[in-house]
Amino acid sequence: LIIPAPDDRSLFNSTHDSLKQGAGLTAISRLMREADTGITSLGLLKDDLGRSGRYHVLLGNLRMRQQNLDEAGKEYREAVTLEPGTSYVHQAMAFFHRVKGETQEADKEYQAAAELAPINSPARIAWAAFKEELGQNEEARRILQEITQQKEDYVPAWFELARLAFQEKKYD
1 LIIPAPDDRS LFNSTHDSLK QGAGLTAISR LMREADTGIT SLGLLKDDLG RSGRYHVLLG
61 NLRMRQQNLD EAGKEYREAV TLEPGTSYVH QAMAFFHRVK GETQEADKEY QAAAELAPIN
121 SPARIAWAAF KEELGQNEEA RRILQEITQQ KEDYVPAWFE LARLAFQEKK YD
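All residue numbers for the sequence shown refer to the numbering used here, where the first residue is 1 and numbers rise by one.
Bear in mind the hints are in silico, worked out from the structure with no lab data behind them. The structure displayed is predicted, hence computed values, not measured ones. Ideal Cβ placement from N, Cα and C applies to all residues, glycine included. Incorrect hints may appear among the rest.
If you anchor each label on the Cβ, the simulated ranges turn out as follows [claimed, not checked]: (1) Glu102 / Glu139: 10 to 20 Å; (2) Asp70 / Gln149: 14 to 24 Å; (3) Pro156 / Thr103: 18 to 28 Å; (4) Lys108 / Glu146: 11 to 21 Å; (5) Glu71 / Lys151: 22 to 32 Å; (6) Lys74 / Lys151: 30 to 40 Å; (7) Gln67 / Gln150: 32 to 42 Å; (8) Asp70 / Glu152: 42 to 52 Å; (9) Gly135 / Gln66: 43 to 53 Å; (10) Ala165 / Leu134: 15 to 25 Å; (11) Arg51 / Val155: 19 to 29 Å; (12) Arg51 / Asn137: 38 to 48 Å; (13) Thr103 / Arg65: 33 to 43 Å; (14) Gly135 / Val99: 33 to 43 Å.
Just need the whole structure built from these sequences, with the hints factored in.
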């Protein structure tokens with residue numbers, strides 16, 4: 001995937017199809033070195049992708065890199081408005097609230113993301129990890145055990161349960 005300069009519309013057209021499907025947005029966010037360039041570049045695609053939650057999550061991420069929390073919050077809220085049934089946008093909103101220290105709001109968003117995601121998803125692991133950060137180890141354990149009961153072969157949940165037990169020195 002080639003990331004063109006923001007003023008080179010012809011090169012941007014070559015990545016347009018993959019971006020429209022959402023697959024390229026994450027790659028672009030990793031490849032963008034400067035938030036300003038990324039925001040300018042994405043502005044070229046607003047007409048085509050502006051109604052996508054992923055588009056607004058990416059813009060929110062870039063605004064966070066600029067430390068512009070007000071604009072980031074607007075983008076994340078727009079993403080949730082556009083795609084309320086998507087785990088991805090709720091995870092982004094949870095991260096935003098977490099950065100701002102709004103733990104109750106972050107917890108609600110992590111829970112929404114987890115409930116919208118498949119049982120064996122990183123969104124559920126992230127929710128359990130957040131619960132652990134809050135000192136709610138029993139709740140973290142409950143979430144992880146729910147995963148392992150329904151998907152016995154989901155290794156990340158077993159790993160997190162083992163790590164939690166080891167941390168608490170419960171070796172049985």
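Violated hints, by number in ascending order, as checked against the structure: 2, 5, 9, 11, 13 and 14
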